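Novice: Let chain A serve as the given structure and place chain B on it in line with the hints.
For the record, the sequence lines run as chains A and B. Residue 26 in the numbering used here sits at position 26 of the first sequence, and the numbers go up by one each step. Residue 70 in the numbering used here sits at position 70 of the second sequence, and the numbers go up by one each step.
You may find that some hints are simply not true.
With beta-carbon atoms standing in for the labels, derived distance ranges [said to hold, decoys possible]:
(1) B/K17 / A/A321: 52 to 62 Å
(2) B/S251 / A/F291: 45 to 55 Å
(3) B/G44 / A/R376: 24 to 34 Å
These are calculated hints, taken from the structure and not from any lab test. Every value quoted in this text rests on a predicted model; they were computed, and no experiment measured them. Just so you know, even glycine gets a beta-carbon here, dropped at the ideal spot from N, CA and C.
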Amino acid sequence: MNNSLFDIKRFKSIIKKEFIQVRRDPVSLRLPLVMPIIFMLLFGYAVTTEVDNISTVVFDQSMTQDSRDYVEKFIVSDYFTVNYYVNSEGEMIDLIDSGKAKAGLVIPSDFSIKLKTGKSPKTQLIIDGTDPTTARTAMNSGIIISEQYSRTYKETSLKMLGVSAAALPSTEINVRVWYNPGLESRKFTIPALVGLILQNITVMLTAFALVREKERSTIEQLIVTPVRPVELILGKLVPYIIIGCVSFLFALSLCVFWFSVGIEGNLLLLLVLGFLFVFCSLSIGMLISTFARNQLQAMMSMVLVILPSILLSGFIFPREAMPAAINFLGYLIPLTYFLDIIRGIVLKGIGAGYLLNDIFALCIFTFVILSISVLRFKKSLD
Amino acid sequence: MPDGLCYAIETEGLTKKFADFTAVDGVCLRIPKGSVFGLLGPNGSGKSTTIRMLCCVLTPTSGKGTVMGMDIQKNPEGIKQNLGYMSQRFSLYEDLTVEENLDFYGGIYGLSKDIRDERKKELITMANLSGKEKSLAGTLSGGWKQRLALGCALIHKPKLLILDEPTAGVDPVSRRVFWEIIHSLSKQGITILVTTHYMDEAESCDIVSFIFDGKIINTASPEDIIKSEGAKNLEDIFIKYVERITNTKVSSAFAGVKFLNEESNE
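Bound-form chain A, shown alone (with noise of 0.2 Å):
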């Protein structure tokens, strides 16, 4: 008579069964492969913060050399594309009123005159600003692309002078941009998508793990066996912590190979620390699974998991911005910590000793949330 806390024998005939559903089930099989190649290709280019090749129109009433060298500058920069010639003000108007150009250089029909007589002439950049990335980036760029070809016509005209620009006092700032030196976006978004999409997959897949038992009445049987929790619910994550380890390197794979997103850390360490957060994901789903009672309540409880982890987790929006508040409920979101830890190991190669706290929070976070699945999961009908 086997009446012990945790039997192995009990705790085996579970991963079997469990494994046998799995491999009958071609969903649960490939979702873990074809989700990761869906959503890294679909958001791997859509999430992206750079902004060029910013549409725009041209409304040069100056038309000389000195106007055109002043937009070939524009041009050359790659943030914007001319696309319009205008020979009015209405009717630039009329292409940003209607969207197809997100901003407008005006140049005035003095610009070559006053430059000639020594006089600084005014141009103006009319940016769409409805959406601010694009309106920041085309305002940044275009007052840096000015200045610049101010202090170029400055220089030559004093050369002209005789008079060396070198030989004026100027202070000169050193920028040097660690860790993602081209400022590449996807080198911040991709890492980051890996740990998103890893969550989403893993909680998805334990989500129904035992509300399928429940639509089934499967767990009516159950029940009345001498199965514990513990082995039930230990049991049921065994197999989906294979899939989505593998899910893991799919993705991982996709994002050094496909995206060229090198790692610059330790692989190992980032490996283990993929699957203890695949372990924490794979426990969310679980939790979820005790208390939903049909697939359809599991769905709802999976969006208010990963709605949430998208926007405060520091995946697209900077956590520092956020109000206090707001920023803490991102400390309990796992993902928050994984981000923080993917990124570190992918772009700063730092070590696990950076890193502790996040691995410590993921530990803590595995553990409670797993320990509460169990508690939650009685066998009784009450």
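Specialist: Using the frame of chain A, we list chain B on its own:
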């Protein structure tokens, strides 16, 4: 089960309330070891609730119960280890084969591989499932599923078998095959508690108990009940009890029901 015990199940004032509704109201049962005991009553009379308390998956609101000498509140896991249960929904894993279902429950009851293989062979023969070992449970027809569910409930050689409407939705031939198995199990000394709506099945029980509105009305052998009420069979007694308690007349024959319907259609 201690050998000195003469009852496999004993309850005293077993009661279950759901909010304002009393599903089971002071039920006292004494089920002798080795008997086939039928719990009869209309839908919603409290049969399943009683059974679920005996299987330790519902906690009684009040009252006491022992199953194989073990207290249902103090030692639920001990009871579960020695109990075979089959619900009316044949809770099988439809995406597992016949063998895999048996294997799974064998493992859950902690049987070693050798014992499990041996039991599997015995049960497949007992349940007439030979040749279907590799079929998915979901592809089996009602009668086969029912016998597989019984096999799963018996894998660990329980001394007590609780069956909740095991023959619901099964054809007459499969029902008879099933009851032959039940009686052969009883001969092996297994106590069987069964609920059913088929009174012909109930007549083959050693003892039956009628439950209505959560209360036990009468417990005796089918022969004694039929004799004392002067009825033809248990079906008549079932209807008689319902009429007595609800004070309404029930058509005693289906032919009469059909006649009434035809008249109202005209």
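Novice: For this structure, which hints from the list above don't hold up?
Specialist: Violated hints: none; all satisfied.
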